[in-house]
Amino acid sequence: MAELTRLASHLAARRHLAFYGTGFVPPDLVRAPSRVRAVLGRRSLPPGVEPHVARSFAPVQEVLGTIAPGRLGRTRQWFMDRRSGELGRRAGRELERVPTDALVISHGAALEAFRHNRSALRVLNMPSVHPRFRTATIEAEIERCPNLAPSMTSDLPPHGRLARFDEEFELADLVLVPSRFAAHTLEEYGVPSGKIVVVPYGAHLAEYSNDPKEVSERLEILYVGRITQSKGLSYLLDAHARLRTGSAGLSVVGGTAAQARLFSRYGRGWVHRAAVPRSQVSGYFRSADVFVLPSLFEGMSLSVLEAMGHGLPVIVTPASGAADLVADGVEGFVVPERRPDVLADRLRQLADDPVRRSDMGRAARRRAEAFTWQTYAETTFAAIVKVLASHA
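At position 329 of the sequence shown the residue is numbered 1055 (the numbering used here), and the sequence of numbers has no breaks.
Bear in mind the hints are in silico, worked out from the structure with no lab data behind them.
One should not assume that every hint holds.
Restraint ranges, calculated between C-beta atoms of paired labels, are given here [claimed, not checked]:
#	residue 1	residue 2	range
1	S973	T1105	22 to 32 Å
2	P1062	E776	46 to 56 Å
3	L1114	R987	43 to 53 Å
Glycine included, every Cβ here is placed at the ideal spot set by N, Cα and C.
Could you put together the complete structure from these sequences and hints?
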């Protein structure tokens, strides 16, 4: 996860990193088959993290889940659960060997580590909403749009693991979330607010173009993300269809052609672009006039910050977690979930007023400049130190 690699670099630079555990690290590639080396060989340790502090946990599960997710089918979740469990168990054992004041570990992998060793401060990284909120939202959406259920079932946490997730929250001393919306869902399902710290993610703005955009007669709308109804995709397609024919184009970037076909009955005239490496996504941002993320639930999407960094106005929902970034009517718009009529109205406003569109784009860029990975790492470290001091 980007947030943990940035935090690891920050800790390493200040000599506060005791060990960095991951599923797979470069030294393991020495005897790996060629296909595994091709896929995983591009990985590297976070900047500043030395190999001697890296620990390779659950490499077999990591390899299988990375190079053959399509072939694993229903067993992929089993492999991922095994990977998470092994990460937690190995991290717990490492705590006994290496003097450590705090363990920062991601949701889903934390339980065994938290159970195994309670001497270190237990910090849970929670990048999304509460699993029970996610489950309730998806089940309601499947009832609403049963034909789109296949796009959402993989987002459903296994019911058998919900109790384990509850125990993670119970054992954690500190829970890191990226947005106030995510924090609200945790509180709704019983996580004490005193445990929760909201630390928004960051962006590396130097990588993003902020060149002035040429005003065109047609509004170019962009969505970048997974092809799933959990992202509210059908509502965006519906909103686009409500606009005057020819006044706006819509590019949906992500996933596969087979996944996109599930949404073919929705909207008209939109174009699907298959998923591309992050390094190639910038071209789509540079060609767009507005970015839309109508998610039904989200911790905080990095794509929103990327779009703002490229100088695009953004349209988001409160449930996207991005309402912390966007003041309605300033850097873009915040619209209710599942309201294609409202979304269409805001798109129409942008299509009809290029000057306002440009002003919003510049405001979005300025706002994005406040959210850096350096700030994320410093704020997270300060929160951990504060809790450690209170436990002393």
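Each hint tested on the structure:
no.: 1; hint: S973 with T1105: 22 to 32 Å; in the structure: violated, 42 Å
no.: 2; hint: P1062 with E776: 46 to 56 Å; in the structure: holds, 48 Å
no.: 3; hint: L1114 with R987: 43 to 53 Å; in the structure: holds, 51 Å
Against the hints set out earlier in the document, a violation occurs for number 1 only.
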